[in-house]
Structure formats: C-alpha cells, structure tokens
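**Q** So the chains spell out like this:
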Amino acid sequence: MTGFRSVPVPAGSEATVSFNGRELAARAGEPLAATLLANGVRTVASGVYTDRPRGIVGLGTEEPCGYVRVDSPPIESMAQATRVETHDGLCARSLNGYARLPEGEEAPRGDRVWAHCDVLVVGAGPAGIAAATAAARAGARVILACDAPQPGGGLAGEWDAAEGTAAREWQEPRIAALRDEPELRLLTRTTVTGLYDHGEVVALERRPHAAASGGAVHRLWHIRAGRTVLATGSCERPIVFEGNDRPGVMLAGAAVGYARRHGVLAGQRAVVFGCHDEALWAAVALHEAGATIVAVADARPAPGPAPVAALYERGIGVLTASGVTRTTGGSGGVLSAATVAPIDSDGNATGEGRSFPCDLLAVSGGHDPATALAAHSGGRKRWSPEHAAFLPDQTPPGVRLAGAAAGTRNPAAARDQGERVGHAAAVEALAHESATDGAEVADDGAAAPVVGSGHTPPMALWTVADARTDERRAFVDLHRDATLADIRDAIGAGMTSIEHIKRYTTIGTGPDQGRTSGVPATGIVAGLLDRTMDEVGGTGSRPPWVPIPLTAVAGRELGELFDPARRTPMHDWHVAQGAVFEDVGQWKRPRYFPREGEDMRAALQRECRAARESVGALDASTLGKIMVEGRDAGTFLDRIYANNFSTLRPGRCRYGVMCTADGMVLDDGVAVRLSDTQYMCTTTSGNADTVRAWLEEWAQTEWPELCVHITDVTDHWATISVVGPRSRDVMARLAPREDLSAEGFAFMTYRDTTVLGVPARILRVSFTGELTFEVNVPAWYGRAIWEAVMAAGHPYGITPYGTEGMHLLRAEKGFIVVGHETDGTVTPVDVGLGWAVSKRKDFVGKRSLWRPDTAREDRQQLVGLMPEDGDHVVAEGAQLVAERPGSVPVSMQGHVTSSYLSPALGRSFALGLLSQGRERHGDRVYAVHLDEAVPVTVTDPVFYDKEGSRRDG
Amino acid sequence: MTPEPLWKTREPAASYDAVVVGAGGHGLATAYYLARDHGITNVAVLERGWLAGGNMARNTQIVRSNYLWDASAGLYEHALRLWEGLENELDRELEFSQRGVLNLAHTTHDVRESVRRVNANRLNGIDAEWLDPEEVKKLVPIINISPELRYPVMGATYQPRAGIADHDQVAWGYAAAADRLGVHLIEGCEVTGFQRSGDRITGVHTSRGPIAAGRVALCAAGHTSVLLDTLGLRLPLQSHPLQALVTQLVEPVIDTVVMSNTVHVYVSQVAKGELVMGAGIDAYNGYGRRGSFRTIEREMEAALALYPVFAHSHLLRSWGGIVDVSPDASPIIGRTPFEGLYVNCGWGTGGYKATPGAGHVLADTVANDRPHPLAEPYALERFTSGALIDEHGAAAVAH
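For the record, the sequence lines run as chains A and B.
Positions 1 to 953 (full-length UniProt numbering) are the ones given, in order, by the first sequence.
Positions 1 to 399 (full-length UniProt numbering) are the ones given, in order, by the second sequence.
FYI, nobody ran anything at the bench for these hints, they're computed from the structure.
Quantities reported herein were computed from a predicted structural model and do not represent experimental measurements.
Check the hints yourself; a few may be wrong.
Said to hold, decoys possible - Computed footprint of chain A on chain B, listed as stretches where at least three residues anywhere in the stretch have a Cβ under 8 Å from a Cβ of chain A:
id : region
1  : 104 to 110
2  : 114 to 120
3  : 223 to 234
4  : 285 to 292
5  : 305 to 311
6  : 317 to 326
7  : 353 to 361
Quick reminder that beta carbons are idealized off the backbone N, C-alpha and C, glycines included.
Given these sequences and hints, build the entire structure.
**A** Shown next, in the form of structure tokens:
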C-alpha cells in the first residue's frame, strides 16, 4: 500500500468500484483516478509501444497515461481515469493505448443543443467566475461552461495556503450567487472543444447519470457567442529525465489536487522536484496533507524565499540548483526511489546524485496557459521568459483571455482580470462593436498577464540528465512512448521544423493532444538546434480540445433522421399496395408495384402494357415545381432556358432545357405560363433543389436588376399522371363538365379547374407518348384524389406504375432523363434537343456551346440500341466499343444509358451515347459489361410511335 | 544510431536552371524526376512554409486510379504504376498498402454510374470489379448492408490494387532522393512574383530575394491562382476547405478503404491504428485551413449508419486542407502563355494519389517544353476549347 485517504469517505458517499476485476472502495463522485490512488493501485495502464507500466500523472484533461475502458453503463471504449466519475458499480479496465470497439453493443446516446449568448465564458476558476458575474451584471446573456462537475477551477491546488484560503473565501459565495443571475446559464461537466469562425463554439456536455434512464449521455452544444472569454487555466508540464514514466511520478499540482480536493494522498514518502515557487508550495501542501517529504529539489539556485521559509518551518530543506536525474523501479517497475543531483541551468548534472527512496515523485516544470481554443480560430502565442511559458499574443476576433490562461497565476489577480475582461466583453457584445484589434484588448489590460508581488521568477527547465542517462528511457510524450532519443533522431534526420519533428516522433498526436509534451518538445528542440522558443514555436492546435465520442458528433441524426425521407401524399397507399421503393434525391418513390409472384420484370411488363393499351397512373408529385414570378420572369427564364419562354402565351406549356455555364444539360422539364408575370417550372425529381439554388444564384448575384421571385412549391402539390388511351374516359368521370377533347383541351395547354370539388390544375403534357392528363391538386387532397382516380379508372383496369415503368415508357419514345442520358458532359445538341436551343437570344451556356470541342461533329450522341438477341437486356453502364474487345486498352465510343425489355416492341432495347451516333444508324457495335460483349445495332432513339399519333388519344 | 539527414538545409543560390514553387508532394516529385530522368539537377524547390506541410500533410492518404475518362485513367494509372515501384525507387518504407478501395453505390443512379465506371476501367486495363452487397460485407465485415438503411448499400466498385501510403514518408522519400541528386530544398522561402523579360519568365521574386530561373514550375495548389494573378493570368480555380479527421487508436476493424460519395464519408484504418475519415468539401471559398463543424457532423452521421461500431470511437483531431477545384474537377497541367512557366494545379481532391504521376509528367513537360502525352488533355486551353474531362462523378468527393 502506498496511496491512502487522508480524509475518510463521508458516510453516505461510499461506493464500490471494480478495476481490472478488483473491488475498490470509492467515494461516489470522485474521479476514478482518485479511487485508484487511494487504494494503492499504482499501475493503471501500459505504454502503447513499450509495454512499460504507467500510472496516474495528472488531474484532468492533461492526463497522458491513465487511460481506461468503462464496461458499466455508460460504456466508454477509452477514457482518462482522471475524468471518469465514480459511482457504485462502476466497472473499468486498463488500456494499452488502443481502444477495442465493442461490436454489437449499443453506444450511449448523443444529442445536440443549440444556444446563443452575448458572452461565453469558458472555465469556472476565479477568473471565469469573476468574468461571468461581471458580464451578467453588465446586462449580457452569459453562458459559463466548465469541464468539472462543479465550478471552482484550479485554485484549490497550487497556491500557498493563505492565498488559497482567501481565494476560497472569495469564491464560495460567488459560486452560490451564479445561480441567482437570471441571464447566466451555468453548464457543468461541459468542455468547450472547439472555436470556429464567426463565434461558433462547440462544447461537449457529459451526462453519465442519464445512462440509467436511457437519456442522452452526451450533449453536443452549438453555441453562437457574441464574445468569448477563455478562462481555461493552464496545464502543468513535466520535466524529462530517465525513468520519468514510472507509476508514482506525478505532476506536483495533480498530487496536491488529489489531496486537497479528494482527500487522497498519492504516496506516503514524497520527493518534490520543480523549478518554480508553486512546486515548493506543492511540497508544503503535501506535507500539510500528511505525506512525509523525503526531499525537495529546485533547479533554481535561488528559489523564492517565502515557500523556502514555509518549508523550513516544517523542518524541510530545499536542495537548490538540483534536479532528479533518474528514478529507480521496484516491483512491477513502479517508483521506489529518485536520484537527485546538482544541475546547471540546462539541467545537466554537475555532481554525484543521491538516491531518495520514495513512493511519490511530484514534478512540476511550470504551467502552460491553455490557449489551444484560441489557436483553433487563428490565435498566436509568444514566449515569455519571465513566465517561462508561451503566453497568448494575438487573439482571434471576439476572443479574450483571463486568469492563468493569460499567464496570470495569482488567484486574486486572476479574478480582478476576469472581472475586467468579462465586463469589457459584455459591453462590447451589447454594443455590437467589433473587437478585432489585439491592441485594443491589451489597452484595457485584459490580456496582459499579472505577476504577483514578491514573485520569484520560474525557470524554464526541460530535461535533467547526467552522463549515464539513457535517452530511450526519458519520455517526452508519455502517451505516444516518444523519448528524448526520438527527438534527437528526428533532428539527426535533418528535421528542423517542429511540425516535422512532431510527425517523425508522433509527439503530441495522442488523445491528450500533447498537453504535457508539446512545450517540453519545443524547449528540447530549441536547445538542440540552438534556436529561441519562438523560432521553434509549437505545432498547430486542432480541434477538438478533448476527444468527442462519435455518437455525440452524430447526435440523433441516425437511421431515418440521417436525412428525413420525403414522401408523397399518396405514399401510404403505395405501401399498402406493396410497392417497391427507390430513393430519388430525398424522395421515396415507388419503383414498381409487384403483384403476388411477380418480379420486377414481370410487374414492369404489366404496368407498361396497361399504360399503352388502356390506362395507367403515376404518382408524379416528386417532380420539382418552382414558381418564377415577377415583372421580369419571362426575361429571366429566357436567359436560364436554352429556348424562349417570354414568347409563351399564358395558359400554355413548353418543354425547356437549361444548361450549365459549360453548355452542358443541367435539367429539363415543362414550364407553364400562368399569367404575364407567373411561371411554374417543373424539374427532375432529384434536381429540384439544385435548380432552385441555380436560379437563385443567377437572380441574386448576376442579374439583381431583374424583378423576379423564386419559390419551390414542389410539396405544395400532389401530382397524378393519368396516362393512356383510356385516360380521357377516366378524367370524364372525375371532371364531367370539362371539355376534355383534343380540340377543346389541346396538347401543351393547362387548365385551372376542379376535380371532385377540389381545386386542380390539369396539364396536357406527355412523357410517354400517350394521351396524358397531369392532375395537380393541393397536397392535402392528394391521397383522396389519387384514390378517386383509381376508382374512376377501375372499369378500365387502371394500373399504378412506378419510376421503372415511367423510364421504360419514355425510353421507348426516345425521351431523355437527366442523370440517365446526361452526366454533366452532354449538351442539348448531343441528346437531340438542338431544336430547343435558341440560335438568336443569349442564355446561360450559349457561348460554351460554340466552343470548338462542344461544336465538334464527332461528339457522343444519343442513339437507340437494339441487342441482336432481342431477349437480352444489356446492362446500363455497359461501354460501347467497335469490335469485340481483345487486349486492353480498348477504345470506348460511348455507353449504354438506359436499357429495358419493351412490352410494346416485344423485345429488348436500349438508349446510349455513341460517338458520331447519329451518322451510324444500322452499324453494329458491342456493349461490354464485365466479361460479356453483346452485339447491338445502332438505331434511331425513337422506338415507338414515331409519328406522335397517340398523344391526343 | 543517429540517422543520416534526409535533406540538407540550404541557402538559395542566385540562379537555377529550374525552380519548382511549392515543396508539396507534387513539387518534390517534379524536382526528383527532373534530376533523375532529365539530367536537370540545378534545381531549387522553394517552399514558403515547411516541406510538405500543405495538402501533403492533410490528405487521407488514399491512392487509386479508378477514374472514368480515358485521360484520367491514363494519368492516374500511370501514377499507380509508379506507386507500385516507389518504395524501391526511393529506398524508403512508405507504408504503401494495396488494401483495395471500395466506392459504395447507394441508389439506382449510383449503381448505373458505378457499373459504367467499372466497365470503363476494365477496358482501360485498370483492375475494377463490381461487388454486390454480400461481397461488400465479406470485405468489410463491420459494414451495415441492411436494406433498411436510409441510403442502403446497393453494391460497390472495387479496385484491389488501390490503397493507402503514408504521406509524410512519401514526401520525405522524394525529398531525400531529390536532395541526393543535388536538388536544393529551401523551406521558409515564399515566392511573391515573377521576373520577366517580355513574355518570358526569367526568375522569381521571393521573401529571400530574387532568384533567376531558366524555367519555373508552379506546384502551389490553390495559391497558383494568387501567383498567376501577378501576371494578369486568371485561372479557373476555386479553393475550398476540405476536412479530415482521425479517431484515437483502435484495434484493427477495417483493412480496406471504403468511400461513399452519396453519403459523403470515406474511411481507412492506418497502420498506427487511427481511423482516418474524410468528408465532402465545405461549400465556401477560402484559403483558411479550417472548415465548419457541421460538415464533420454530417460525415459522422453517415459513418455511424454504415459502420455502427464506430459509435464507440472518438473524434480525436480534425483539420482542413485547401483543395483547388477546376470547373471539370480535373487538374491543369502544362505550359502557360508565358515562356518558361509551367503549371500543375487544380487537382481538387485527387492530388495525393497522383503524386508520382504528376511529378513525372510535369518534369517531362518542363524538361522538353512540350506537354507529356498524358498531360496533353490537361492543358489550360481546354477551358476555351471545351474539351473538358469531367470527373465530378469519379472524384468521390462532391465538389
């Protein structure tokens, strides 16, 4: 036994936890790391590559070694023991750096929250509490986010007793008062993980208690903050020496933190080693808590007199200009002794060392302001020799720092600074002023670090070594098992950039993001290359600040909610009829309606035959419908479509094709002119949003002078295509008073009327070549009218058909489908729509259509393809080649875009794009799919009713 | 034992036969092949930051050649063949792992286009297979092929010879090899403009003074636009952030590369153990190497649907690179209206996999002052002639 509780577990807080199968007594709510230390569990994990034993090093997010897996709910594949809260029944195990993802286990649920505030304060130590309070009192809406279960921050640890008591006396009432501020929202267990542009902040809230009720264990907050105050404190850094990775070697501030916050002493006999006054105060605190202080070493020749006196009063001497050169391991490799030797200012031993038996080596190389969040959105830092630390230099717009994060270590000074910064942030946020100027921030003293009075400067110390030091046992990054020797190797390989050294050694790439290794690595490199700290710099900090469970990143947008499916008003009817669906854009569309025993092929033959011979019905509600309205709507559409729309008379419809700036087909569809200033343009189902955005882009950015308004009304309407020679009979039952004759209701006109008392817009268009009435009714009536159509069509054997039938029927007529026959490389002329391309007016893509390559004669053109074996349906996506392929490469001349078995033709057929295809009708080419090559004859792409005799019934 | 320096730190000389701007993978490879194949060893590679610290340090390391069009197949397959001999060539472990790449199809449209690409690849002599969902599941046991998925896996294209390679090792391998051949690699030297005599480029202005050059090859990705602006030449490039991320170290769960364009996530697991994932580009233009968190959320929603076990892993680190996208999602390689000035840019999301091929072809183009046959289709003139090589479909990342 080594660690112990100096404060017994209070009655009512007892808990039992299991670690590696061993039952341990815990205090409910304390970090698992505290439980392990209290129970003398020194080896918690092992090195990722070296397999060396590793113990608890830190107190919070900086922990590089103590990674565990949690098997009790909420399960975690990898967590820092310093951040796992204990509760009765907690079950955890050691990790060696790798997580094992438990297959088949449900992960704890994540959820998302959105919030806005005027001022976000990150961190609830003295600076954060003061900043949040000041901002709230200035009238700002404030969010105060803190990583810990309670506010309070780091002050409980490292300062001397008198200051600590004063700070607690200041702080406690203020923590209580936070809850009384009406516009202040306190988020505990909430870690800000990233700062993004424009004040976007992401924070992860842990809710372990929610596991029991099945609630969200993680909440990912998305906060838009007017101003952000980073009161994120600092990270304590270690010192590199041989054997600095043994269980029992800890950060001094962490050792004190466990004693002060959790009543747990990490060891009985401690050696304390540092290079600044706070490390000496840590020795005082550990002694106060009941540890025997075996030795105190300070690398400075002249440590601060106050802590030296405090130690002297306790009968403890300080070995000055001294440092730990190595540790000795006992059973299992855990710490049994530390060797202290006199050292020079570079950490090199200048004399013989002396070994001190100990079970705790508390080390502190200084404190690095936690400025990573500022770096996420462009902040920079600068080395301050007086602080022996990188301090924030340039901060990103709207971000300020206070307290230890700004280099201000004295709690009283930190809270004063927090108050000023919090107030300034609130005033600025409320005035909507911009604070992009770093100088302005410095002017109000906000970012200037405040050094306490009577302060003795810290020393920058990275390594301690003597002639016998084995640099392969001197660890820089404890998580990555990267050593001093690795850095030396990187430099030997010619690396001089810290970014290269990071990549060469992997320092800083672990889940702790190199919190305890980054600055020491810079210091070591600076020494080896004889450069300044600023010349070497640090590697860029990248979000997130703490690892975010992917289940929290994904939130609830899983399953159906990944991309909520759009369903037509008739969807449930289709489901009831046993339709097979496919995804078209975001829509679920019936692909076909198989009857008992039918496969797709059989269903398709039946459905298409019905539409050709009697009557079929298609739910066409997904067809995009975009209203283009305004004085200049006609002019606008003339520029968008390749053909003219200003000349279209109200009441009439026209097919149009629109091109990209490259002159390639973007989309096609029928547009209807409703009035002088109103058009309804239809688009391909999957393309409605693209087209709407395309129209908006031109209207807003290129032709703002045009008076035009664009509205997507796709889902305002339900659309039913009644198709086939008997469609007029069906419509006559639904709208008995309408003149539905070919003369009275001409092709390519529309009519606003009623169907069964429901307002309806009926279009006489056709995508199959058959007589067609496209009935549009307000979406709410869709299901009812659909059912009415089916009932009215019953005597004629009306047959619903889906996208597959629609594609087959249009292909027989040689009509293209955008996305089948076009792929962004096909012009209207290529697919035979040259007739719809105006020669006179200008339109988007026109210039491109006359570029040499686009106007080439031998481009790939739309053709029909007849497999020589009429029973064989060639594969869509088969490539077209001139000869049966021999050795590769084979010259490809085109490909099969659509391919079907046609009930009307009684054989298979296909559409394709073929080089110079229009000149090659009658030629034989081969359609190659995987290992098969099928001979096909090139034909005209119109297979059915070339004369167009059927469209009027 | 201390290793040999990979490359030496040099001061820029007053003049070089050729200057390559940008020490990314393409710039380093170009310099290497200039020296190896064309005897042009008086070469400097000028880098404004640290060597290979741009997109070369930020990509997801995927190498494949399963592009649709002949021109692309030629170029990327040329690169893949060079990849296959690169560890020997550079005498360096590159962790080049031909573990195969799958591109998933989630809709009937995807299936059609995927089959088309497989057939085109095969006729171009590129290994390509079409897998049904069960076959996908055999290669990727953790994938969810339930038809109930919002966008179910309807199949996948598969290129067995594709895979991944460690981007740092590749950059360092080229750097070391070029250095051995006498090429000067100069970091911290930003090119700010050109010296010219009429329409002939005679050198570059840099943050460390003027440097004369017989020929100048630009390998500066999106910043190529900025440099050519100084000559009044506008490139049809748009620069966007493209984000990637890694998880913590995970015991092996996936030993191939799986990409999905429709739901926008691609994943592989590197030797070290991290899952490396990428998403679609951020929609806006910019040179800031950071994107929006929403893009990452979208990507993880897709990842968790396809690989439910990933719900137990953690987002450890995310970052952004800047991809330079041309109107047809294909690169621009070749001469410019200025004599002695060559471009290599517009690689969008495809640059890493082309590294050896791009360098090889550009070096040949620079050395002979005429496009390498594989580079001919990629000339700047195609945007005026209209002979585009539209690879939006095969780019795997929607632009």
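**Q** Confirm or reject the coverage of the region 285 to 292 of chain B by chain A under the rule of 3 or more residues with a beta carbon closer than 8 Å to the chain's beta carbons.
**A** Holds: 3 residues of the region 285 to 292 of chain B have a Cβ under 8 Å from chain A.
**Q** Closer than 8 Å, Cβ to Cβ, for at least three residues: run that test on the region 305 to 311 of chain B against chain A and report holds or violated.
**A** Check passed, 4 qualifying residues.
**Q** Are 3 or more residues of the region 114 to 120 of chain B near chain A, judged by a Cβ distance of less than 8 Å?
**A** holds (count 7)
**Q** Examine the region 353 to 361 of chain B: at least three residues should have C-beta closer than 8 Å to a C-beta of chain A.
**A** violated (count 0)
**Q** With a cut-off of 8 Å between beta carbons, are at least three residues of the region 104 to 110 of chain B near chain A?
**A** Contact hint for the region 104 to 110 of chain B vs chain A: holds, 4 residues under 8 Å.
**Q** For the region 317 to 326 of chain B, count the residues whose Cβ lies under 8 Å from any Cβ of chain A; is that count three or more?
**A** holds (count 3)
**Q** Are there three or more residues in the region 223 to 234 of chain B whose C-beta lies within less than 8 Å of some C-beta in chain A?
**A** violated (count 0)
In the structure shown, a violation is registered for the earlier hints numbered 3, 7, in ascending order.
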